[in-house]
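Required output: the full structure, derived from the provided sequences and hints.
Number of protein chains: 2
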Amino acid sequence: MDFKDILIRRRAINFFDPERNVDDATLREVLEEAAKAPSSFNLQPWKVMVFRNKERKAELRKLAFDQPKVSEAPVVLMILGDRDGWREGNQTFEDFFEHAMTPDKREWFVNTTKGLYGTNEMVGQAFANKNAGLFAMSLMYAASDLGLHTHPMDGFDHDGIRAAFDIPDNYWIPMLIAVGYAKPGLDIHPKGWRQSPDDMILRTY
Amino acid sequence: MDFKDILIRRRAINFFDPERNVDDATLREVLEEAAKAPSSFNLQPWKVMVFRNKERKAELRKLAFDQPKVSEAPVVLMILGDRDGWREGNQTFEDFFEHAMTPDKREWFVNTTKGLYGTNEMVGQAFANKNAGLFAMSLMYAASDLGLHTHPMDGFDHDGIRAAFDIPDNYWIPMLIAVGYAKPGLDIHPKGWRQSPDDMILRTY
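Going line by line, the protein sequences match chains A and B. Numbered by the working numbering, the letters in the first sequence go through residues 1 to 205 in order. Numbered by the working numbering, the letters in the second sequence go through residues 1 to 205 in order.
One should not assume that every hint holds.
As the list makes no split between identical chains, a pair holds if one copy fits it or if it spans any two.
[Unchecked claim] Below, simulated BS3-like cross-link-like pairs (lysine-lysine); rule was C-alpha separation at most 25 Å, straight line: (1) Lys54 x Lys36; (2) Lys4 x Lys191; (3) Lys54 x Lys183; (4) Lys191 x Lys105; (5) Lys114 x Lys4; (6) Lys105 x Lys36; (7) Lys54 x Lys105.
None of these hints come from the bench; they were simulated from the model.
Spelled out as structure tokens, the structure:
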């Protein structure tokens, strides 16, 4: 699909068709395309939890302000940002290193990523969340491209979800994304107000 | 451009054509398209600083590991994530409220965003960075769609840049994005290793 059409098409819809499933092959294609997002040093500090089971989605819904779309969408993805994704020994870090770097670069790489993302909790939090944001945006456009609709949500009980689903401490949960097809007959409103370039530009040098 | 072509085309290139400018109309179009990204409650907690001036780009380059692309790209955008973007009185918050909500919703909205994003520094940091990530990804795809190339960077002296360019404390600086055209004759390598869906999926319920 043309990107300009995707920009218009992608809307955070509130009503999904609970009867229409997203099959595994389609979901995998979305994830493969989403993974083409860039990230800090290509470390890709993100993971997803896939919710398809009705009971588990109902549990999740309770912790997300009881939003009906959490149980109505056939798939809900929990996006996880890895606050330790820059750290030697972290699985994704090691997978990246093995695929992209030679052993002689190790000391430099370990020290550089630690210096940039491991000096305090705030920089680690920024690292996890900005990269998860890049991935999540890519995922929503990829889903739109495949005829799906999405709805990103971050109105939920973060610590409650962490506890209920046993999410390891290194992950922050930036958002949930409901994925599915629009309810038949749904009237999809145009996008809401956006900042203009002049609103957005703080200063020009 | 077809989204699948954009996914392949978007590469973080290291060498820009310093002779080929990005005119203002094109930059504004990129920002307008990028702004179509979703955000928490559509609060759009992001701003950009536009660097075109050679001396200012040279200053920025010194604080960004002396990466040549910072001065070679005709435009460098500093992406800012607003950690106060959920707060009553914040300009973008008030602009959103004026465009999208009626006064009777104010108390509910002020309390809800404060409860979600204002309870401690870590949630505010997540709020600023995940939303800036959504915006930045959208911006890079929009730039690709218009024939431009980009390079996101977060290898820089964050506090040094804050001081040198007088960035207000409410903003975090998730990344710089060099924007321009590829140097003629540049051999653009294919994308590096990416996690497969199986690598990414932590668990399925």
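Consistency of the hints with the structure:
1. In this assembly of identical chains, the alpha carbons of Lys54 and Lys36 never lie at most 25 Å apart, being 30 Å within a copy and 32 Å across copies at closest.
2. In the homo-oligomer, the alpha carbons of Lys4 and Lys191 lie at most 25 Å apart both inside one protomer (14 Å) and across protomers (23 Å), since each shortest distance falls under that limit.
3. Within a single copy, Lys54 and Lys183 get their C-alpha atoms as close as 18 Å, which meets the 25 Å cut-off; across copies the closest is 52 Å, which misses it.
4. With identical chains, the CA atoms of Lys191 and Lys105 are at most 25 Å apart between copies only, with a shortest distance of 20 Å across copies and 47 Å within one.
5. Proximity of Lys114 to Lys4 under the C-alpha cut-off of 25 Å is found in neither arrangement, the shortest distances being 39 Å within a copy and 34 Å between copies.
6. Taking CA atoms no more than 25 Å apart as the test, Lys105 paired with Lys36 passes inside one copy only; the shortest distance there is 24 Å, against 40 Å between copies.
7. In the homo-oligomer, the alpha carbons of Lys54 and Lys105 never lie at most 25 Å apart, since the shortest distance is 47 Å inside one protomer and 33 Å across protomers.
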